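**Q** Now for the letters of each chain:
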Amino acid sequence: MEHNTDNIIGNKVRDAEKMTASFKHADVWNKIHAELRPQTTSMMHYYVAASLLVLVITLAGYFINESQGKRRDRQLGLMEHTVEKYVRQRSTAPPVNCYDNSRVITNTEVCQSNHRTRKTVSDANAEVRQSVEIQTPLATLHETDAIVKEEVILPVVATVSDNNSVEPIIGVIIPQKKIIAVVKERKFKIRLFKIPDNSIEQKNTDPTMIFARIN
Amino acid sequence: MKEIDLVKQCQRNDARAQEQLYAQHAGSLYRLAFRYIKIQADAEDVLMTAFIKVFRNIATFRSEGDGSLLGWMRKIVINESLMWLRQRHNFNLTEALDGAIAEPDLQQFSTLEADEIYKMISDLPTGYRTIFNLHVVEGYSHHEIAGMLSITENTSRSQLFKAKTLLKKMLSQGGFQYGT
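Residue numbers (the numbering used here), protein chains in the order written: chain A, 1 to 215; chain B, 216 to 395.
Be a bit skeptical, because a hint or two may be false.
[What the hints assert, rightly or not] Listed next, the in silico SDA-like pairs over lysine to any residue satisfying Cα-Cα at most 25 angstroms (straight line): (1) A:Lys18 - B:Ser365; (2) A:Lys24 - B:Ala329; (3) B:Lys268 - A:His33; (4) B:Lys290 - B:Glu279; (5) A:Lys18 - B:His358; (6) A:Lys18 - B:Ala361; (7) A:Lys31 - B:Leu221; (8) A:Lys18 - B:Glu328; (9) A:Lys31 - B:Ile291; (10) B:Lys383 - B:Lys268; (11) B:Lys253 - A:Asn11; (12) A:Lys18 - B:Asn369; (13) A:Lys24 - B:Ile267; (14) A:Lys31 - B:Gly286; (15) A:Lys31 - B:Gln323; (16) B:Lys334 - A:Tyr46; (17) B:Lys268 - B:Leu221; (18) A:Lys18 - B:Lys290; (19) B:Lys223 - A:Tyr46; (20) A:Lys18 - B:Glu331; (21) A:Lys31 - B:Asn294; (22) B:Lys217 - B:Ile291; (23) B:Lys384 - A:Lys24; (24) B:Lys334 - B:Leu285; (25) A:Lys31 - B:Lys268; (26) B:Lys268 - B:Asn307; (27) A:Lys18 - B:Gln323; (28) B:Lys290 - A:Thr5; (29) A:Lys24 - B:Thr341; (30) B:Lys217 - B:Asp229.
[Unchecked claim] If the Cβ cut is set under 10 angstroms, some of the chain B residues that face chain A in the computed set are: (31) Val222; (32) Met263; (33) Trp287; (34) Asn348.
These are computed hints drawn from the structure, not numbers from a lab.
Remember, it's a predicted structure, so these values are computed and weren't measured experimentally.
Using N, Cα and C, we set each Cβ at its ideal position, and we do this for glycine too.
Required output: the full structure, derived from the provided sequences and hints.
**A** If you want it as C-alpha cells, here you go:
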C-alpha cells in the first residue's frame with residue numbers, strides 16, 4: 001500500500017516535470033555553448049595547424065627535391081654534352097701529340113686542343129703542369145660499352161681511356177666534390193685519381209670542371 | 216529526428232544537434248534540478264554543468280531504446296544536484312530514529328494534482344526533500360541513498376519519515392512554507 005502510494009507520487013512528480021519550466025533557458029544554453037566552444041575551437045585550431053605543417057613540409061620537400069634534381073640534371077647534362085663532344089671529336093680526329101703524360105687542362109683548352117691550336121695548348125700545358133699531381137688511381141671502374149655514370153665523393157680526377165691506353169684520356173671534376181663521367185659509343189676505362197686539395201680552385205679559371213689528360 | 220540519430224550527431228559534436236537536445240530536455244531537467252536545489256539560479260547552474268557533462272560524455276552513452284537517453288541525463292542531473300547539495304548541506308545533522316518506524320500514510324497526498332505535489336515537495340527542508348526525492352520519486356533504496364549521501368541507512372529512514380510527516384501536516388494545513 002505504502003509502496004504503491006510512493007509510486008503514484010513518483011509518477012505524478014515526473015509528470016509535473018514535463019510541464020513548462022520558467023527559467024533562463026537561453027542564458028543557460030549560451031553558457032553551455034560557450035563552455036563547449038573552446039574545446040571545438042582548440043580542436044579546429046589543432047587540425048588547421050597540423051594541416052598547415054604537413055603542407056609546409058610537403059612543399060619544402062618538393063622544392064628541395066626539385067632544386068636538387070635540376071642541379072643534378074644540369075650537371076649531368078653539361079657533363080654528357082662535354083664528354084660526348086670530346087669523344088666524338090676524338091673518334092674522328094688524329095691523336096694530338098702536344099700533351100704531356102701527366103697534365104690537366106681546362107674545358108676551354110680541350111676545345112682548343114681539338115681545334116689544333118698548338119699555341120693555346122702549349123700555354124695551357126705550362127699552367128696546368130704546375131697545378132695538379134696525378135697520383136695512384138683510387139679506383140678503376142669496369143670497362144663498358146654502354147653509358148657509364150658514376151658519382152664519387154672526392155677530391156678526385158676521373159680519367160677515361162680506351163682499353164689499350166694509347167688513346168688520350170679525359171677526366172671530369174665537379175667542384176662540388178662529386179664526379180660524373182659519361183661515355184657513350186666506345187669502350188673506355190675510367191680511372192679515378194686523387195688530386196691535392198685546393199689545386200682546382202687555384203689553377204682553373206673555369207669553376208665548373210676541368211679535364212685531365214694522361215696516358 | 217529519432218533519439219538515436221540525435222545522439223549520433225551529438226557524438227560528432229554537432230552544435231545544432233546539441234542545441235536540439237538541450238531544447239528538448241532542458242525544461243524537464245531544470246524542474247528535476249529545481250526539485251533538489253530549490254533556488255532558481257543554482258538550479259540553472261546545476262543544469263548547465265549537467266548538460267556540459269552530457270555533451271562531453273555522450274560518446275560513452277549506449278542507447279537501449281527510446282527514453283534511455285533521458286534516463287541517462289536524469290542520472291547526471293541528479294548526481295550534479297547531490298554534489299551541489301553535499302557541498303552546502305550536512306545530511307548527518309538529522310537525528311536518526313531508533314527502532315521500527317511506521318511511516319505516515321500519504322494516500323491523501325497522492326490524490327493531489329501533479330503540480331501541487333511538486334510544489335509541496337519543493338517546500339520541504341533540504342535534508343527531507345533530498346531523501347524524499349531519492350527514495351519516493353527516483354526509487355533508490357535506503358542502502359543506495361546512504362552510499363550516495365555518505366549517511367547511515369537509519370538517517371535516511373529518519374529523514375524520509377520526517378519528510379512524510381511534514382508533508383502530511385502541510386496537507387492538513389492546506390499548504391506549508393518551510394525554510395531551507
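**Q** So, for every hint listed, does it hold in this structure?
**A** Hint check results:
1. With a C-alpha separation of about 30 angstroms, the suggested pairing of Lys18 of chain A with Ser365 of chain B is violated against the 25 angstroms cut-off.
2. Distance check on the hinted pair: Lys24 of chain A and Ala329 of chain B sit about 23 angstroms apart at the alpha-carbon level, within 25 angstroms; holds.
3. Between the alpha carbons of Lys268 of chain B and His33 of chain A the distance comes to roughly 12 angstroms, so the proposed pair stays at or under 25 angstroms and holds.
4. This hinted pair checks out: Lys290 of chain B and Glu279 of chain B have alpha carbons roughly 15 angstroms apart, not beyond 25 angstroms.
5. Pair hint Lys18 of chain A plus His358 of chain B does not hold up; C-alpha atoms about 29 angstroms apart against a cutoff of 25 angstroms.
6. Simply put, Lys18 of chain A and Ala361 of chain B have alpha-carbon atoms about 28 angstroms apart, too far for the 25 angstroms limit, and the pair is violated.
7. A C-alpha spacing of about 21 angstroms is found between Lys31 of chain A and Leu221 of chain B, which places the hinted pair at or below 25 angstroms, so the restraint holds.
8. For the suggested pair Lys18 of chain A and Glu328 of chain B, the alpha carbons sit about 14 angstroms apart, so the restraint of at most 25 angstroms is met.
9. Note on Lys31 of chain A and Ile291 of chain B: the hinted pairing holds, with a Cα-Cα distance of about 18 angstroms set against a maximum of 25 angstroms.
10. Restraint check for Lys383 of chain B and Lys268 of chain B: not satisfied, since their Cα atoms lie roughly 37 angstroms apart, outside the 25 angstroms limit.
11. The suggested pairing of Lys253 of chain B with Asn11 of chain A holds, with an alpha-carbon distance near 20 angstroms, which does not exceed 25 angstroms.
12. Restraint check for Lys18 of chain A and Asn369 of chain B: the C-alpha separation of about 33 angstroms exceeds 25 angstroms, so the hint is violated.
13. For the proposed pair Lys24 of chain A and Ile267 of chain B, the alpha carbon gap of about 16 angstroms is at most 25 angstroms, so the pair holds.
14. For the hint pairing Lys31 of chain A with Gly286 of chain B, the CA-to-CA distance comes to about 23 angstroms; that is within 25 angstroms, so the pair holds.
15. At most 25 angstroms may separate the alpha-carbon atoms for a hinted pair to count; Lys31 of chain A and Gln323 of chain B exceed this at roughly 42 angstroms.
16. A distance of roughly 49 angstroms separates the Cα atoms of Lys334 of chain B and Tyr46 of chain A; the hinted pair therefore is violated under the 25 angstroms criterion.
17. For a cut-off of 25 angstroms, the pair hint linking Lys268 of chain B to Leu221 of chain B stands: about 17 angstroms separates their Cα positions.
18. Note on Lys18 of chain A and Lys290 of chain B: the hinted pairing holds, with a Cα-Cα distance of about 16 angstroms set against a maximum of 25 angstroms.
19. Annotation: proposed proximity of Lys223 of chain B to Tyr46 of chain A holds, straight-line Cα distance about 23 angstroms (limit 25 angstroms).
20. About 14 angstroms separates the Cα atoms of Lys18 of chain A and Glu331 of chain B, which keeps this hinted pair within 25 angstroms; it holds.
21. The straight-line distance between the Cα atoms of Lys31 of chain A and Asn294 of chain B is roughly 20 angstroms, inside the 25 angstroms bound, and the hint therefore holds.
22. With a C-alpha separation of about 21 angstroms, the suggested pairing of Lys217 of chain B with Ile291 of chain B holds against the 25 angstroms cut-off.
23. A C-alpha spacing of about 33 angstroms is found between Lys384 of chain B and Lys24 of chain A, which places the hinted pair above 25 angstroms, so the restraint is violated.
24. Proximity of Lys334 of chain B to Leu285 of chain B is assessed by CA-CA distance (about 22 angstroms); at most 25 angstroms being required, the pair is judged to hold.
25. With a CA separation close to 13 angstroms, the supplied pair Lys31 of chain A and Lys268 of chain B stays within the 25 angstroms bound.
26. Proposed proximity of Lys268 of chain B and Asn307 of chain B is contradicted: the alpha carbons are some 28 angstroms apart, above 25 angstroms.
27. Between the alpha carbons of Lys18 of chain A and Gln323 of chain B the distance comes to roughly 23 angstroms, so the proposed pair stays at or under 25 angstroms and holds.
28. Proposed proximity of Lys290 of chain B and Thr5 of chain A is supported: the alpha carbons are some 23 angstroms apart, at most 25 angstroms.
29. For a cut-off of 25 angstroms, the pair hint linking Lys24 of chain A to Thr341 of chain B stands: about 23 angstroms separates their Cα positions.
30. Note on Lys217 of chain B and Asp229 of chain B: the hinted pairing holds, with a Cα-Cα distance of about 15 angstroms set against a maximum of 25 angstroms.
31. The restraint placing Val222 of chain B at the interface with chain A is violated, with a minimum CB-CB distance near 16 angstroms, outside the 10 angstroms limit.
32. Hint status for Met263 of chain B: holds, given a least beta-carbon distance of 5 angstroms to chain A, under 10 angstroms.
33. With a least beta-carbon distance of about 15 angstroms to chain A, the hint placing Trp287 of chain B at the interface is violated under the 10 angstroms criterion.
34. For the restraint placing Asn348 of chain B at the interface with chain A, the shortest Cβ-Cβ distance is roughly 8 angstroms, inside the 10 angstroms limit, so the hint holds.
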